[in-house]
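Peer 1: Given next are the chains, with one letter for each unit.
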Amino acid sequence: MALTFGALRRPHTFRAPPIVAVLAAGVGAAMLLPLVYLVIRASDNGAIVETLTRGSTVDTLIRTCLLAAAVTAAAIMISLPAAWLTARTDLPFRGVWSVLFSLPLVFPSYVGAFVLVAALGPRGIVQNWLEPLGVDRLPDIYGFWGAWLAITLFTFPYVLIPLRAAMRGLDQSMDDAARSLGASPLGAFVRVTLPQLRPALAAGGLLVALYTLSDFGAVSILRFDSLTRVIFIQYKSAFDRSEAASLALLLAGVALAAVWIESMTRGKARYHSQAVRRTPKVVRLGRWRWPALAFCVSLVMISLVLPASVLVYWLVRGLDAGQSVSFVGSAAVNSVQVSVLAAIAAIVFALPVAVLSVRHPGFLSRLTERASYTGFALPGISIALALVFFGANYAPWIYQTLPLLVFAYVVRFMPQALGASRSSLLQTNPKTEEAARGLGKGRVTVFTRITLPQLLPGLSTGGLLVFLTAIKELPATLLLSPIGFSTLATQIWASTNEAMFARAAAPAILLVLVAAIPTTIVVLREQRAR
Amino acid sequence: MSEAFVQCAGVTKRFGNTTAVDDVSLEVERGQTLALLGPSGCGKTTLLRLISGLERPDAGTISIGGVQVAGGGKNVAPEKRRVGMVFQDYALFPHLSVRDNIAFGMSGNGRKERVDGLLAGTGLAGLGSRMPQELSGGQQQRVALARSLAAGPSVMLLDEPFSNLDPELRHRLREAGRAILASLQMTAIFVSHDQEEALSLSGRLAIMMNGRIEQVGSPSEVYNHPATRTVASFLGDANFLPGECRDGRLQFELGSVAAKSDLTGAVDVMVRPERLKLDSKAGVPVEIVHADYFGHDQLATVRLPSGDAVKVRLQPGRHFEIGSRTSLSLAGDVVLFPA
Chain C
1 MALTFGALRR PHTFRAPPIV AVLAAGVGAA MLLPLVYLVI RASDNGAIVE
51 TLTRGSTVDT LIRTCLLAAA VTAAAIMISL PAAWLTARTD LPFRGVWSVL
101 FSLPLVFPSY VGAFVLVAAL GPRGIVQNWL EPLGVDRLPD IYGFWGAWLA
151 ITLFTFPYVL IPLRAAMRGL DQSMDDAARS LGASPLGAFV RVTLPQLRPA
201 LAAGGLLVAL YTLSDFGAVS ILRFDSLTRV IFIQYKSAFD RSEAASLALL
251 LAGVALAAVW IESMTRGKAR YHSQAVRRTP KVVRLGRWRW PALAFCVSLV
301 MISLVLPASV LVYWLVRGLD AGQSVSFVGS AAVNSVQVSV LAAIAAIVFA
351 LPVAVLSVRH PGFLSRLTER ASYTGFALPG ISIALALVFF GANYAPWIYQ
401 TLPLLVFAYV VRFMPQALGA SRSSLLQTNP KTEEAARGLG KGRVTVFTRI
451 TLPQLLPGLS TGGLLVFLTA IKELPATLLL SPIGFSTLAT QIWASTNEAM
501 FARAAAPAIL LVLVAAIPTT IVVLREQRAR
Chain R
1 MSEAFVQCAG VTKRFGNTTA VDDVSLEVER GQTLALLGPS GCGKTTLLRL
51 ISGLERPDAG TISIGGVQVA GGGKNVAPEK RRVGMVFQDY ALFPHLSVRD
101 NIAFGMSGNG RKERVDGLLA GTGLAGLGSR MPQELSGGQQ QRVALARSLA
151 AGPSVMLLDE PFSNLDPELR HRLREAGRAI LASLQMTAIF VSHDQEEALS
201 LSGRLAIMMN GRIEQVGSPS EVYNHPATRT VASFLGDANF LPGECRDGRL
251 QFELGSVAAK SDLTGAVDVM VRPERLKLDS KAGVPVEIVH ADYFGHDQLA
301 TVRLPSGDAV KVRLQPGRHF EIGSRTSLSL AGDVVLFPA
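First to last, the protein sequences are chains C and R. So that you can map any letter, position 528 of the first sequence is 528 in my numbering, and since no number is skipped, the others follow by simple counting. So that you can map any letter, position 111 of the second sequence is 111 in my numbering, and since no number is skipped, the others follow by simple counting.
Please keep in mind that the hints were generated in silico from the structure rather than gathered at the bench. You may find that some hints are simply not true.
Unchecked claim - Some chain R residues judged to face chain C by a derived CB distance under 8 angstroms, without partners named:
id, residue
1, Leu54
2, Asp58
3, Gly84
4, Ala91
To be verified - Derived SDA-like pairs (lysine to any residue); straight-line CA-CA distance at most 20 angstroms:
id, chain 1, residue 1, chain 2, residue 2
5, R, Lys281, R, Gly236
6, C, Lys431, R, Lys80
7, R, Lys281, R, Leu330
8, C, Lys431, R, Met106
9, C, Lys431, R, Gln88
What you are looking at is a predicted structure, and each value in this text was computed from that prediction instead of being measured. Think of the CB as a built atom: it goes at the ideal place given N, C-alpha and C, for glycine as much as any other residue.
In isolation and in its complexed conformation, chain C is listed as follows:
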């Protein structure tokens, strides 16, 4: 008897309360605004075809895509062994490694780039050490490989985290079945296990690819001419900004194409865990424990310990030279303030969309949900330029104000809050709401006393993720900040640009410390959830 009224009832019951529908539709429309306006602004450019087909544009496009592909591939190569070791083997201190492998996310890639330059670049640490020996030139770290290294080292956890979850969720009996059908251990891994990991690999790989496409800070510091950098230079230097708008639209198109490719790889197979599931066997490493530990130690060294040490080294040098660090105080306050606002706004915006899509599925809810997810693909610089043009042309009273900056963050990062509130809403039994109404409470009381308390853990995770990503955001912050409003991110950017490493170290350390708090909370929650 699969057909019960539970299944039949949901989609038709109770039209969404008008207030929810209106709010959700409003949010959806607002989230689409940057993309729509970008299209309008770019089509103003009479020479848009010429701009996009020019040889230099095509070269930039190819360079950008190559970087995204190379970074994604490297992130997967690092994540596969790291996830397997922490999820499926008897590696010593697995829990500790799990947390440590997630922590590189606290380094924005522009801090990573700064670390790289400050360590290996001209006037960097290594050169300072080698100078007395007569070495005055090091291999060039600028360009493709520098950008590749900096972005890979600090984004691979985006692949590792979902991959590890997928490996933990694997059903041992499938592996057993493959072996009983005559597959070798390696054959079973390649033919049965790996395909089951594909959704996690694709989802994580997409996050890394999107991050790389939208990265502005690292490529700029490492002087790699990817699309974001070219757009920024265009915008800053050219009088006519149509060209920047056209290129920003091109970048948005590439990002949307990446999302489309990922959705194609998902295919038709459904991967769900059966009710009866056998937890995977723990693989005994034996003597291989030592090379495995060596791998873990080196990964943590280069992605966590070395960057942190370089930052501390420059901070100490700066302090020795009498550099004041008091200037970071107000920037830190600004950073935290604007990111907290973004987190709160993102949750408030996400709630009606989540309620509509989970509780009242239908055409309108699908539409608003799709619209709300566009920011997930849109690079920050594209959103920021769209809002700059929009503000300058239509809403000068909001241009270069805090609300517009917060709005840019919300467009960009709300999908994270939406995902978190959706999943916790899905876990909330709608019957508890009905039961509460049967007990004599109205809609509003039921929402505040029954629904909201059950959603709180999910909402706070979503808020933490938005806070974490907003505080690291660079291009939108640079383009949309009110005049004189500096954040940790913009200070690091300004100082690094002028090669004032000592001056960049203090805000970078502060930023990493502030970002480490929500990251650790989210990672620990994810660990405990199992």
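We have chain C already, so just place chain R on it with the hints.
Peer 2: For chain R alone, kept in the frame of chain C given last:
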């Protein structure tokens, strides 16, 4: 007969192209327990949700305690209807303790004492500070019942309240639930697809199929005098044999008896398996085809000379070899339906 406390008149509810509840009229008297029995997907849960106000009827009216709550442009919100709902999965509030769950719908003074009273009355004393996840299924079920009663409902609606429990516990809780509802003289409607539960728990029984109420009556009325063939075969085991009525007599394969019906001509004869007996001395010769042993009784399938198979309920002590021959005769009333 006292006046109806819950009254549905011509209630219809559609979901897209499906008519889940089709022109249902139903009355429940004050203090009565009515069981809505029907197969999965027959619309019984939807009817319950219409009465509670969680759904709005497309046609018809519903009144509770003489007040119209739905239909004719009126729709009283669920929270204003004073109906207590007990859900199949209990729907306890996971973020509230047992005590807070029970107190949720209460108002006025002396809440603590009343919660204590309900905890004791439902056998939950000492569990007030537990969280719902820390309780067994049976305990959760009792919390759900106590929570509904605490709000002082005028009618209780129970949606398959015992179906998530194992059989032994189900039996005990069913008895306890009946005692509690009876002691409060509570008007109650509960939905079930379990025949035994519905027959034993309710004062009145409504059989629902494909969105329509097929028959309402006391359990023994419905069992012994089913209104339609579908009711007869849904409720308990039923044998159907062709027959013919003429001049007040019924003629069919098992013999000729007085026809307690106005029907004439070809009819369908429904015989319950316990209204038949196997006896080597008298009756129609039959062959034993199959026997299901249940412990408290057994159900044998025998083949008549015409080739029709018939089920017969037997005492557990008797034993027949499969393939052996004996005789079958009528040992009670039959029910006639037009062919």
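Peer 1: Against each hint, give a clear statement of whether it holds in the structure.
Peer 2: Hint check:
| no. | hint | verdict |
| --- | --- | --- |
| 1 | Leu54 | 5 angstroms, holds |
| 2 | Asp58 | 11 angstroms, violated |
| 3 | Gly84 | 6 angstroms, holds |
| 4 | Ala91 | 4 angstroms, holds |
| 5 | R:Lys281 x R:Gly236 | 28 angstroms, violated |
| 6 | C:Lys431 x R:Lys80 | 17 angstroms, holds |
| 7 | R:Lys281 x R:Leu330 | 13 angstroms, holds |
| 8 | C:Lys431 x R:Met106 | 19 angstroms, holds |
| 9 | C:Lys431 x R:Gln88 | 10 angstroms, holds |
Hint compliance for this structure: hints 2 and 5 are not met, and every other hint is.
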